[in-house]
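Construct the entire structure; sequences and hints are all you get.
Chain by chain, the residues run as shown.
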Amino acid sequence: MSKITFLKPDRSNINAVLSIGIIFVIIGILDVFLNTFFKLNLLSSFPKGISILFPFIIAMIGFHLVRIEFSGSRTIDLLNKNINTSTFNAALTLLILFILIKAIPPSFSWMILDANISGDSKEACTGTGACWTYIKVWFRRFMYGMYPNEQHWRINTAFLLVIGLGTFGFFATEKMKKFLALYYVVIYPIMAFMIIYYLISGGYFGLEWIETGAWGGLSLTFIVSFFCLIFCFPLGMILALGRRSSLPAVRYVSIGYIEFWRGVPLITVLFMSSVMFPMFLPEDFFMDKLVRVIIAITLFEGAYCAEVIRGGLQSLPRGQYDAAKSLGMGYWKMHIFVILPQALKLVIPGICNTFLALVKDTPLIFVVGLAELAGMLALAKTNPEWLGYAMEGYIFAAIIFWIICYAMSKYSYNLEEKYKTER
Amino acid sequence: MSDAIIKIEKMNKWFGDFQVLKDINLEVEKNKKIVVCGPSGSGKSTLIRCINRLEEHQKGSIIVDGTELDENTKNIEQIRAEVGMVFQQFNLFPHLSILDNCTLAPIWVKKMPKKKAQDLAMHQLEKVQIVDQAQKFPGQLSGGQQQRCAIARALCMEPKIMLFDEPTSALDPEMIKEVLDAMVNLAKGGMTMIVVTHEMGFAKEVADEVIFMDEGMIVEKAETKEFFANPKSDRTKLFLSQIL
Numbered sequence: 001m002s003k004i005t006f007l008k009p010d011r012s013n014i015n016a017v018l019s020i021g022i023i024f025v026i027i028g029i030l031d032v033f034l035n036t037f038f039k040l041n042l043l044s045s046f047p048k049g050i051s052i053l054f055p056f057i058i059a060m061i062g063f064h065l066v067r068i069e070f071s072g073s074r075t076i077d078l079l080n081k082n083i084n085t086s087t088f089n090a091a092l093t094l095l096i097l098f099i100l101i102k103a104i105p106p107s108f109s110w111m112i113l114d115a116n117i118s119g120d121s122k123e124a125c126t127g128t129g130a131c132w133t134y135i136k137v138w139f140r141r142f143m144y145g146m147y148p149n150e151q152h153w154r155i156n157t158a159f160l161l162v163i164g165l166g167t168f169g170f171f172a173t174e175k176m177k178k179f180l181a182l183y184y185v186v187i188y189p190i191m192a193f194m195i196i197y198y199l200i201s202g203g204y205f206g207l208e209w210i211e212t213g214a215w216g217g218l219s220l221t222f223i224v225s226f227f228c229l230i231f232c233f234p235l236g237m238i239l240a241l242g243r244r245s246s247l248p249a250v251r252y253v254s255i256g257y258i259e260f261w262r263g264v265p266l267i268t269v270l271f272m273s274s275v276m277f278p279m280f281l282p283e284d285f286f287m288d289k290l291v292r293v294i295i296a297i298t299l300f301e302g303a304y305c306a307e308v309i310r311g312g313l314q315s316l317p318r319g320q321y322d323a324a325k326s327l328g329m330g331y332w333k334m335h336i337f338v339i340l341p342q343a344l345k346l347v348i349p350g351i352c353n354t355f356l357a358l359v360k361d362t363p364l365i366f367v368v369g370l371a372e373l374a375g376m377l378a379l380a381k382t383n384p385e386w387l388g389y390a391m392e393g394y395i396f397a398a399i400i401f402w403i404i405c406y407a408m409s410k411y412s413y414n415l416e417e418k419y420k421t422e423r
Numbered sequence: 001m002s003d004a005i006i007k008i009e010k011m012n013k014w015f016g017d018f019q020v021l022k023d024i025n026l027e028v029e030k031n032k033k034i035v036v037c038g039p040s041g042s043g044k045s046t047l048i049r050c051i052n053r054l055e056e057h058q059k060g061s062i063i064v065d066g067t068e069l070d071e072n073t074k075n076i077e078q079i080r081a082e083v084g085m086v087f088q089q090f091n092l093f094p095h096l097s098i099l100d101n102c103t104l105a106p107i108w109v110k111k112m113p114k115k116k117a118q119d120l121a122m123h124q125l126e127k128v129q130i131v132d133q134a135q136k137f138p139g140q141l142s143g144g145q146q147q148r149c150a151i152a153r154a155l156c157m158e159p160k161i162m163l164f165d166e167p168t169s170a171l172d173p174e175m176i177k178e179v180l181d182a183m184v185n186l187a188k189g190g191m192t193m194i195v196v197t198h199e200m201g202f203a204k205e206v207a208d209e210v211i212f213m214d215e216g217m218i219v220e221k222a223e224t225k226e227f228f229a230n231p232k233s234d235r236t237k238l239f240l241s242q243i244l
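Residue numbers (the numbering used here), protein chains in the order written: chain A, 1 to 423; chain B, 1 to 244.
Mixed in with the good hints there might be a few duds.
Unchecked claim - Below, a list of computed lysine to aspartate or glutamate pairs in the EDC-like style, where the Cα atoms sit at most 20 Å apart:
{"no.": "1", "chain 1": "A", "residue 1": "Lys325", "chain 2": "B", "residue 2": "Asp70"}
{"no.": "2", "chain 1": "B", "residue 1": "Lys188", "chain 2": "B", "residue 2": "Asp208"}
{"no.": "3", "chain 1": "B", "residue 1": "Lys32", "chain 2": "B", "residue 2": "Glu158"}
{"no.": "4", "chain 1": "B", "residue 1": "Lys74", "chain 2": "A", "residue 2": "Asp322"}
{"no.": "5", "chain 1": "A", "residue 1": "Lys325", "chain 2": "B", "residue 2": "Glu158"}
{"no.": "6", "chain 1": "A", "residue 1": "Lys175", "chain 2": "B", "residue 2": "Asp100"}
{"no.": "7", "chain 1": "A", "residue 1": "Lys325", "chain 2": "B", "residue 2": "Glu77"}
{"no.": "8", "chain 1": "A", "residue 1": "Lys418", "chain 2": "B", "residue 2": "Asp100"}
{"no.": "9", "chain 1": "B", "residue 1": "Lys32", "chain 2": "B", "residue 2": "Glu226"}
{"no.": "10", "chain 1": "A", "residue 1": "Lys325", "chain 2": "B", "residue 2": "Asp65"}
{"no.": "11", "chain 1": "A", "residue 1": "Lys325", "chain 2": "B", "residue 2": "Asp100"}
{"no.": "12", "chain 1": "A", "residue 1": "Lys333", "chain 2": "B", "residue 2": "Glu77"}
{"no.": "13", "chain 1": "A", "residue 1": "Lys333", "chain 2": "B", "residue 2": "Glu82"}
{"no.": "14", "chain 1": "B", "residue 1": "Lys7", "chain 2": "B", "residue 2": "Glu82"}
{"no.": "15", "chain 1": "B", "residue 1": "Lys30", "chain 2": "B", "residue 2": "Asp65"}
{"no.": "16", "chain 1": "B", "residue 1": "Lys32", "chain 2": "B", "residue 2": "Glu205"}
{"no.": "17", "chain 1": "B", "residue 1": "Lys111", "chain 2": "B", "residue 2": "Glu158"}
{"no.": "18", "chain 1": "B", "residue 1": "Lys160", "chain 2": "A", "residue 2": "Asp322"}
{"no.": "19", "chain 1": "A", "residue 1": "Lys325", "chain 2": "B", "residue 2": "Glu68"}
{"no.": "20", "chain 1": "A", "residue 1": "Lys333", "chain 2": "B", "residue 2": "Asp100"}
{"no.": "21", "chain 1": "B", "residue 1": "Lys127", "chain 2": "B", "residue 2": "Glu158"}
{"no.": "22", "chain 1": "A", "residue 1": "Lys420", "chain 2": "B", "residue 2": "Asp100"}
{"no.": "23", "chain 1": "A", "residue 1": "Lys325", "chain 2": "B", "residue 2": "Glu71"}
{"no.": "24", "chain 1": "A", "residue 1": "Lys345", "chain 2": "B", "residue 2": "Asp100"}
{"no.": "25", "chain 1": "A", "residue 1": "Lys325", "chain 2": "B", "residue 2": "Glu56"}
{"no.": "26", "chain 1": "B", "residue 1": "Lys136", "chain 2": "A", "residue 2": "Glu416"}
{"no.": "27", "chain 1": "B", "residue 1": "Lys136", "chain 2": "A", "residue 2": "Glu417"}
{"no.": "28", "chain 1": "A", "residue 1": "Lys175", "chain 2": "B", "residue 2": "Asp119"}
{"no.": "29", "chain 1": "B", "residue 1": "Lys188", "chain 2": "B", "residue 2": "Glu126"}
{"no.": "30", "chain 1": "B", "residue 1": "Lys110", "chain 2": "A", "residue 2": "Asp322"}
{"no.": "31", "chain 1": "B", "residue 1": "Lys10", "chain 2": "B", "residue 2": "Asp23"}
{"no.": "32", "chain 1": "B", "residue 1": "Lys160", "chain 2": "B", "residue 2": "Glu82"}
{"no.": "33", "chain 1": "A", "residue 1": "Lys381", "chain 2": "A", "residue 2": "Glu123"}
{"no.": "34", "chain 1": "A", "residue 1": "Lys325", "chain 2": "B", "residue 2": "Glu82"}
{"no.": "35", "chain 1": "A", "residue 1": "Lys325", "chain 2": "B", "residue 2": "Glu55"}
{"no.": "36", "chain 1": "B", "residue 1": "Lys74", "chain 2": "B", "residue 2": "Glu56"}
{"no.": "37", "chain 1": "B", "residue 1": "Lys221", "chain 2": "B", "residue 2": "Asp234"}
Stated by the list, open to error - What the simulated footprint calls covered on chain A by chain B, stretch by stretch (three residues with Cβ under 8 Å from a Cβ of chain B suffice, anywhere in the stretch; the number is not a length):
{"no.": "38", "segment": "324-336"}
{"no.": "39", "segment": "340-353"}
Since the hints were derived computationally from the structure, they do not count as laboratory data. By construction, the Cβ of each residue, glycine as well, lies at the ideal position given by its N, Cα and C atoms.
Shown next, in the form of structure tokens:
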């Protein structure tokens, strides 16, 4: 606890000083409050400069008087200890309080109290607040893009299947635990790809073929993020090991790869993947745009992952390598059982960072004509029937992205806790 | 001598330009206990790290149990599986429980069935008297317990030779004894041991031979009694007078 500069009044009139202080603080806050909500100004007759500063000055005086050691009231002691330790802190407290009073209620009323959600056309939005009707009408587009409405069940089923398969680890018996790593690194991605490809893309089993250009919205965000995440992690791991390899060829290839991809902006990589790349391919070879984009982002983020993982590898003491070697373990056994488990545990925060950045980079695929959530917003706001509601759309997208990213970072904290063994 | 399990001939090693080991010749017979002592920086640790090729030597030859240490990684891994090593800093795997530390290498290197490996590990842990800590993690144990676990871990590979690299140097004084006791028991069981240590009491009790090293060379190599009673070189006499 930093030093608290206490006022030292005569103990006999301590109560009087305290009461005056509290009253002053309350007057100050009340003035801002009335000002904001009832357009009342307690000092309307005073010159403008004073009337603006008045609440701040009077509350500061109040806080100064309240700052008494052992005031006799627990609440005031707590207040002094936490937000009123010095004049500077009292000023910060007041500033934050005033800003909150000024900012929260208006945005609250814009977003909820004065907002509209009923109806299904622009005419329903009559209030001064936000027009959530816009989100409601466009909701399916924001979720599924241009995918035909009656086929949305295919996307939902595919996602449920992929998520279901992903929970396999929780139900695996002791005997199957051995193969979990293999499952998640090799089998699961392949199965997920097959499900997404056959179910969402269609063209087989009597399902209508829907080209990837029609995919979009949040579901596309999920598809792109999901595949990039599961592919870029093993890639990063291999590159990180490669960069520390004792074989010069492997090392230089890894360094070259990492430095190349870290040196170019993602947006140019995406352009190249969709515009330049097909030019180098043989005429009859066709690779879907979405697949190219996923590969491009994976290769790009793999380089970042590699450097994060390398940081973890380098932080392990040499003794761990010595111990593993002295037990007769070869390069792969040593890395799989001793080095990587420890290194990866150390880099969970860094990996989470990279993954969050990846998820938030997915809107960039709009530049090659794939409209995921943010891309659909950009399309929707130019619709002549719904001009002027960009704000609602972006707030909606921000909330969705925030939920996704917060869930991911929460999950990473859980992982850290789960694997915390030493110290 | 034909039954030498470790044979080092004219071995030289450099770190960059600095020569750490100069013309080392050493033969260790089966079941012998050798203590290596000497001032710090004299190359004792490097010498025993060369024996399981944690360090590479540049000249001369090292033959362990009939196999020469060279570029062949398969040979090296096989020799490392037969040569147990205990480190100054314990080097337990912090992400694994004590039991898993002991079973990891037997299961994955020696392809031992899990059940058998666990039984063996519990047996070895019992020998060093930390069997009740088997489910804990290394971070929860004291230094002495960790070092005893490290000994058990090395023994689980059923090695022919055990190397100890200053096993008690990182320990609090009151924990040294428990580790030394474990080592004395091991010595009495007939293990071939090479121990780098400053514990002269231990040397007197179990060692068959004592080697004194200085500046990368073996200065003196003698039977234990002879070594302490009647050191030949002046450097050894000086060292002993300082340490005893």
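Go through the numbered hints given earlier and state which of them the structure violates, listing their numbers in rising order. Failing hints: none at all.
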